[in-house]
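So the sequence lines, in the order shown, correspond to chains A and B.
Sequential numbering from 42 applies to the first sequence in the working numbering.
Sequential numbering from 73 applies to the second sequence in the working numbering.
To be clear, the hints were calculated from the coordinates, so they are not data collected in a lab.
Be aware that a few hints might be false.
Claimed, not checked - In the SDA-like style, the derived pairs of lysine to any residue whose C-alpha atoms are separated by at most 25 Å in a straight line are:
#, chain 1, residue 1, chain 2, residue 2
1, A, 316, B, 264
2, A, 316, A, 134
3, B, 292, A, 317
4, B, 292, A, 117
5, A, 326, A, 367
6, A, 326, B, 328
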Amino acid sequence: MVDLIYREAALRGDARAESVLRRFPKASVVECGRYGEVFNPKAQNFRLQKKRPALILARKHRRRMLPAPPGYGIGGAHNYYFSHMLNCVYDCRYCFLQGMFRSANYVLFVNFESFQRDMDELLARHAGEPVWFFSGYDCDSLALDGMSGFADAFLPFFAGRPRAFLELRTKSTQVSALLRRAALPNVVTAFSFTPEEISRTLERGVPSIAKRIKAAARLQQNGWPVALRFDPLMDSADFCGQYARLFDAVFAALDAGALHSVSLGAFRMPRNFYKNIARLYPGEKLFARAYAAAGGVTVYPPQTERAMVDFCAEKIRRHIPARKFFHNSAPAHAPGV
Amino acid sequence: MLALITALPSEARPLIDTLRLKRIIPESPFAVYRGDDVFLIVSGIGAVASACAVGFLRGQMDAPAAWLNVGIAGHANLAVGEAMLANKITAAAGGRNWYPPRVFPWAGHDGALVTVPQPRAAYAAGEAYDMEAAGFYPAACRFADAELVQCLKIISDGPLSPMSGLDRTKVAGLVHARMETVLQLAGILQSLCAERVYDSPGGALYEKISRQARFSETQKQQLKNRLRRLALLVPRADDDAMTALAGAQSAAQILRRLEARLNAASRDLGHG
Ligand code: SF4
Numbered sequence: 042m043v044d045l046i047y048r049e050a051a052l053r054g055d056a057r058a059e060s061v062l063r064r065f066p067k068a069s070v071v072e073c074g075r076y077g078e079v080f081n082p083k084a085q086n087f088r089l090q091k092k093r094p095a096l097i098l099a100r101k102h103r104r105r106m107l108p109a110p111p112g113y114g115i116g117g118a119h120n121y122y123f124s125h126m127l128n129c130v131y132d133c134r135y136c137f138l139q140g141m142f143r144s145a146n147y148v149l150f151v152n153f154e155s156f157q158r159d160m161d162e163l164l165a166r167h168a169g170e171p172v173w174f175f176s177g178y179d180c181d182s183l184a185l186d187g188m189s190g191f192a193d194a195f196l197p198f199f200a201g202r203p204r205a206f207l208e209l210r211t212k213s214t215q216v217s218a219l220l221r222r223a224a225l226p227n228v229v230t231a232f233s234f235t236p237e238e239i240s241r242t243l244e245r246g247v248p249s250i251a252k253r254i255k256a257a258a259r260l261q262q263n264g265w266p267v268a269l270r271f272d273p274l275m276d277s278a279d280f281c282g283q284y285a286r287l288f289d290a291v292f293a294a295l296d297a298g299a300l301h302s303v304s305l306g307a308f309r310m311p312r313n314f315y316k317n318i319a320r321l322y323p324g325e326k327l328f329a330r331a332y333a334a335a336g337g338v339t340v341y342p343p344q345t346e347r348a349m350v351d352f353c354a355e356k357i358r359r360h361i362p363a364r365k366f367f368h369n370s371a372p373a374h375a376p377g378v
Numbered sequence: 073m074l075a076l077i078t079a080l081p082s083e084a085r086p087l088i089d090t091l092r093l094k095r096i097i098p099e100s101p102f103a104v105y106r107g108d109d110v111f112l113i114v115s116g117i118g119a120v121a122s123a124c125a126v127g128f129l130r131g132q133m134d135a136p137a138a139w140l141n142v143g144i145a146g147h148a149n150l151a152v153g154e155a156m157l158a159n160k161i162t163a164a165a166g167g168r169n170w171y172p173p174r175v176f177p178w179a180g181h182d183g184a185l186v187t188v189p190q191p192r193a194a195y196a197a198g199e200a201y202d203m204e205a206a207g208f209y210p211a212a213c214r215f216a217d218a219e220l221v222q223c224l225k226i227i228s229d230g231p232l233s234p235m236s237g238l239d240r241t242k243v244a245g246l247v248h249a250r251m252e253t254v255l256q257l258a259g260i261l262q263s264l265c266a267e268r269v270y271d272s273p274g275g276a277l278y279e280k281i282s283r284q285a286r287f288s289e290t291q292k293q294q295l296k297n298r299l300r301r302l303a304l305l306v307p308r309a310d311d312d313a314m315t316a317l318a319g320a321q322s323a324a325q326i327l328r329r330l331e332a333r334l335n336a337a338s339r340d341l342g343h344g
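Please construct the entire structure, taking both the sequences and the accompanying hints into account.
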């Protein structure tokens with residue numbers, strides 16, 4: 042899958058970096074200084090790189106835990122997000138990462154222990170209170186878990202800290218690391234869905250809805266908290282039909298009463314990211330249609346958005362109580378993860 | 073379009089012959105050759121000369137290009153005659169690094185390339201040495217996406233084969249022997265470049281409408297953009313646009329009508 046790996050020189054001999062390298066014995070390994078030398082240069086083209094992304098093994102030195110924006114979260118008072126990776130193995134045309142980064146290369150931050158130290162500091166700062174940590178902000182939490190070993194490193198950490206809550210957000214079916222362990226009540230796996238027709242056109246490489254529902258059901262059957270994210274809601278001529286069919290399929294296969302939470306949010310994207318992506322894909326219908334602007338964010342026209350949200354909210358509330366339902370409006374969030 | 077750049081005439085000769093390039097611009101600071109969809113420039117030795125040649129050649133081309141530097145290099149381990157694609161370029165003077173992104177499969181050798189200001193006879197393990205890449209690469213990245221800028225080096229010398237044994241015929245022979253690799257890489261870069269030209273030129277409808285009123289340069293871009301979007305949203309966009317524009321006089325009015333048409337077409341596409 043990866044035939045070119047950049048490794049920060051400081052990671053020579055690092056056990057986690059070495060174990061990732063061992064998975065790709067045929068890859069060329071190129072030593073670099075800080076990962077930004079490879080990831081940030083201006084002249085790069087995200088769309089071309091997406092054809093064959095390289096892997097960058099790096100350490101994250103600063104800003105590992107960031108406060109989640111207002112309007113983000115699922116009921117907790119203290120919400121932080123973090124990314125152990127940048128970029129994603131999938132290729133969703135609406136994904137804001139394409140507009141935010143110049144490079145489509147995967148960056149894996151291997152200093153998991155530093156992230157965990159930061160989490161402990163935040164738990165100490167909010168003594169006695171629950172604290173939520175959202176992963177998968179700049180990546181899919183689990184899609185490359187087999188390579189990154191993220192779940193294996195973080196599940197034991199959360200097992201010992203019942204006040205700390207972890208959300209794993211994913212469009213993948215990579216749940217084996219969870220299924221190997223006893224369920225943790227404070228680790229929620231949130232599966233993102235769009236209707237089959239939208240997924241087929243706009244989400245390249247993403248497993249089918251049926252497979253994702255199956256993965257979610259297996260987690261539920263093994264006692265793991267599962268959540269659903271209908272985010273972003275994507276407009277289409279048959280919007281109501283497509284979403285009604287999706288809800289029917291999801292709620293028929295999962296135990297609605299056991300769901301941790303369900304959230305939704307209409308497609309939205311910071312305006313500058315939107316412009317970057319529309320430039321990358323001038324032949325894409327998604328970026329040909331008219332949008333509205335709201336405070337630096339590209340959104341559907343308000344009446345369209347309201348109709349979409351109201352329709353879905355009404356359908357979802359038939360299955361779950363209001364306290365488990367959240368309308369996510371935070372603009373900068375990776376919409377689909 | 074492909075822009076080839078070599079430092080030496082003897083590196084260029086096999087490329088000129090194989091690609092049947094013809095010399096153009098006789099009175100110029102650099103020897104420049106042209107063929108179907110290919111330019112070649114001989115820069116002379118050194119990073120500064122290479123960077124200048126890139127700028128000069130870009131001025132001669134009327135379309136965006138992929139850039140490929142082909143030349144000889146020294147290497148401690150690779151055998152003479154092997155080809156190596158640079159995955160890292162370091163300027164020995166200053167220590168700056170560049171990492172040419174590779175978005176295509178590559179079964180051949182790849183490795184680090186150090187650009188030195190003077191020929192050197194000491195070879196560190198795992199590195200190739202040339203005198204141009206650190207000038208060529210950043211200069212070419214000003215005119216093309218980094219993915220379209222690559223350096224392919226043919227190993228000409230090493231600890232057991234000193235540089236002193238090289239002459240023009242040997243250099244040309246080394247490049248000639250790796251022509252298949254050069255052409256393969258050139259082909260990959262050319263197709264990536266063709267893919268990269270994402271902006272539509274506008275088409276006949278654009279030409280027609282842009283003559284109907286006085287459009288500023290910005291308005292011409294807006295017109296092109298709106299027509300492109302309309303073509304993606306509605307069937308028979310040309311007829312659709314002409315109907316929407318019936319009676320429109322000024323550039324501003326035409327643009328407003330198109331915007332309104334796009335809004336309506338977007339509503340038809342979705343939830344309302
Ligand atoms: S939306 Fe999510 S799953 Fe899709 S490419 Fe982006 S990060 Fe990956």
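Handout entry: Proposed proximity, residue 117 of chain A with residue 292 of chain B (alpha carbon, max 25 Å)
Key = 51 Å, violated
Handout entry: Given pair status - residue 264 of chain B, residue 316 of chain A, alpha carbons within 25 Å
Key = Given that 25 Å is the threshold and the Cα spacing comes to 22 Å, the pair holds.
Practice task
Measure nothing beyond the straight line between the CA atoms of residue 316 of chain A and residue 134 of chain A; if it is 25 Å or shorter, mark the hint as holding.
Solution key: Roughly 13 Å between the alpha carbons, so the hint for residue 316 of chain A and residue 134 of chain A holds.
Handout entry: Pairwise hint evaluation, residue 317 of chain A against residue 292 of chain B, where the allowed Cα distance is 25 Å at most
Key = Since the Cα atoms of residue 292 of chain B and residue 317 of chain A sit roughly 20 Å apart, the hinted pair holds (cutoff 25 Å).
Practice task
Sort out whether residue 328 of chain B lies within 25 Å of residue 326 of chain A, counting only the CA atoms.
Solution key: 20 Å, holds
Exercise for the section: Compare the distance between the alpha carbons of residue 326 of chain A and residue 367 of chain A with 25 Å, and conclude whether the hinted pair is satisfied. Expected result: 29 Å, violated
Hints 4, 5, counting from the list given before, are not met by this structure.
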